[in-house]
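Chemist: Sequence:
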Amino acid sequence: MLGRDEAAAGEVSRALIAGLDEAAAAVEPGHCRDDVAIHEFRKAIKRHRALLRLTETARGGAAAERREAGALARRLSGARDLTASLEGLEDILDKQLIRAELAAPVRAALETTRKAAEAAHLDDAVRAEVRAFLARARAEAAKIADADIPVRSLILAIAKGYRRMVNAAPADWSAAPAESLHELRKAVVIHRYQMELAQPLWPRPIELWIDEVQKLRDRLGQNQDLEALIRFVAAAPHLCDARGRARLLAAIRTRQGQHIAAAEEQLARLGAERPRAFAERLMAYAGQHTLTAARPHSATPAGRRRAAPRRAPAKTP
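Mind the numbering: the sequence shown is residues 1 to 317 in full-length UniProt numbering, read in order.
Any given hint might turn out to be false.
Unchecked claim - With a straight-line Cα cutoff of 25 Å, these simulated SDA-like cross-link-like pairs (lysine to any residue) come out:
#1 K215 / E179
#2 K95 / H182
#3 K186 / N167
#4 K46 / P177
#5 K46 / R247
#6 K215 / G70
Claimed, not checked - Per label pair, the in silico range of CB-to-CB distance:
#7 E179 / E207: 28 to 34 Å
#8 Q258 / C32: 27 to 33 Å
#9 A235 / E179: 14 to 20 Å
#10 A147 / D94: 44 to 50 Å
#11 A171 / R99: 34 to 40 Å
#12 K95 / A147: 47 to 53 Å
#13 D172 / E87: 25 to 31 Å
#14 A272 / E87: 28 to 34 Å
#15 A171 / A246: 28 to 34 Å
#16 R99 / R127: 38 to 44 Å
#17 Q258 / A142: 41 to 47 Å
#18 P29 / R281: 16 to 22 Å
#19 E207 / E111: 33 to 39 Å
Just so you know, these hints were derived from the structure itself, not from any lab.
For each residue, glycine too, the CB sits at the ideal point set by N, CA and C.
Please build the complete structure, drawing on both the sequences and the hints.
Modeler: So, in C-alpha cells, the structure goes:
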C-alpha cells in the first residue's frame, strides 16, 4: 500500500519496470507498424521520465538517465511528427473546415514521407541501442525498491509536478506561442503519469482526476498536431496554390483556437487548487500528517479554573 513508507519505493520501482517493459515490447519487430511502435515507445518513455523525477532525491543518476531517455525518444520523433500532421489533417476534415479535394494532395505527401522516415528511424541498429538503454534502465529501476523514499517526500514531489503544470499556463492563451503551449503540454504529461502512482491512495477520485488531466493533454496534443501540419505545409508549398494554402492555414488556425479555448477552461478547473492545498489533500488520502503543524491550544495556568460562561439575565415576566 502506497500509504506506508516502507512500500513507497517498491511501488515506484514496479511502476518504472512496467513502463520499461511496455517500451521494450513496442519496438520489437512485427509488433505493429513502425510509426505506431515509435508512438508507443515514446509514450512509455514519457511515463518513465515523469516517474524518474520522483526518485531524483533518492538516486543520484536519475536525472542523467532522464536526459538520456529524452534524447533517445527525440531521435525517433521524425516519423511520429508526420503521423501527428496526418492526425491534424483528419481533425480539420472531421470538423468540415476544409474540402476533401484540398486535403488529398497533402495527405498523399504525408503518407509517402512518413514511410521513408519510418525506414530511416527504426532500423536494426536503432532497435539494438534502444534495447541496451532499456536493459540498463530496468536494472536501475529494480534497485529503487531498496531506496529511502518516504511517502511524504513522494507526495511533495508529485505536488511539485502539479505546481509545474499550473505555473506553465500562459498569461494570454489567445496569443501564446507554440513553444509555450508545448512546454505546458510537457508539464501536463508529467503530472498525468505521476498521478498514476498516487491512484492507490483513493482510487476512484484520483482516477477521475487523471481522466480530466488526460483530456487537457489531448487538447494540447491536438493543437500540437496542427502545428506540425503547419510546418509540413510550409515546407512543401507545391502541394497547393496560394489560395488553397490560405484556406488550409485558416482552417488550421480556427481549429487550434477551439482546442486552445477548451484547454484554457480545463486547466482553470484543474489549477483552481493551490499547490500546497493539493499536497495536503494527497497527504490526507495517504493518512499522513499534514504539512502545517497544528496550532497549539492556549494553556490554562495551573491552579486557575476556566471562567464559567456568563448567563444572560433572566427577563422579568
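Chemist: Evaluate each hint against the coordinates.
Modeler: Each hint tested on the structure:
For the suggested pair K215 and E179, the alpha carbons sit about 20 Å apart, so the restraint of at most 25 Å is met. For the hint pairing K95 with H182, the CA-to-CA distance comes to about 23 Å; that is within 25 Å, so the pair holds. A hinted pair counts as satisfied when its Cα atoms are at most 25 Å apart, and K186 with N167 qualifies at roughly 12 Å. Straight-line distance between C-alpha atoms of K46 and P177 comes to about 23 Å, which keeps the hinted pair within the 25 Å bound.
Between K46 and R247 the CA atoms are separated by roughly 35 Å; this puts the pair beyond 25 Å, and the hint is violated. With a C-alpha separation of about 23 Å, the suggested pair K215 and G70 falls inside the 25 Å cut-off, and the hint holds. Checked against the given bound of 28 to 34 Å, the beta carbons of E179 and E207, roughly 32 Å apart, stay inside it. Q258 and C32 have their C-beta atoms about 31 Å apart, which keeps the hinted 27 to 33 Å range intact.
Judged by the Cβ atoms, the range 14 to 20 Å given for A235 and E179 holds: they are separated by roughly 18 Å. A C-beta distance of roughly 47 Å is found between A147 and D94, which places it inside the suggested range of 44 to 50 Å. Distance hint check: the CB atoms of A171 and R99 are about 37 Å apart, consistent with the given range 34 to 40 Å. Between K95 and A147, the C-beta spacing of about 48 Å keeps the proposed range 47 to 53 Å intact.
One distance hint, 25 to 31 Å for the beta-carbon pair D172 and E87, holds here, with the actual separation near 27 Å. For the pair A272 and E87, the beta carbons lie near 31 Å from each other, so the given range of 28 to 34 Å is met. The hinted range of 28 to 34 Å is satisfied by A171 and A246, whose Cβ atoms lie roughly 30 Å apart. A beta carbon spacing of about 41 Å between R99 and R127 agrees with the range 38 to 44 Å that was offered as a hint.
Our hint of 41 to 47 Å for Q258 and A142 holds, since their Cβ atoms are close to 45 Å apart. A C-beta distance of roughly 45 Å is found between P29 and R281, which places it outside the suggested range of 16 to 22 Å. Taking 33 to 39 Å as the suggested C-beta distance range, the pair E207 and E111 conforms, at roughly 37 Å.
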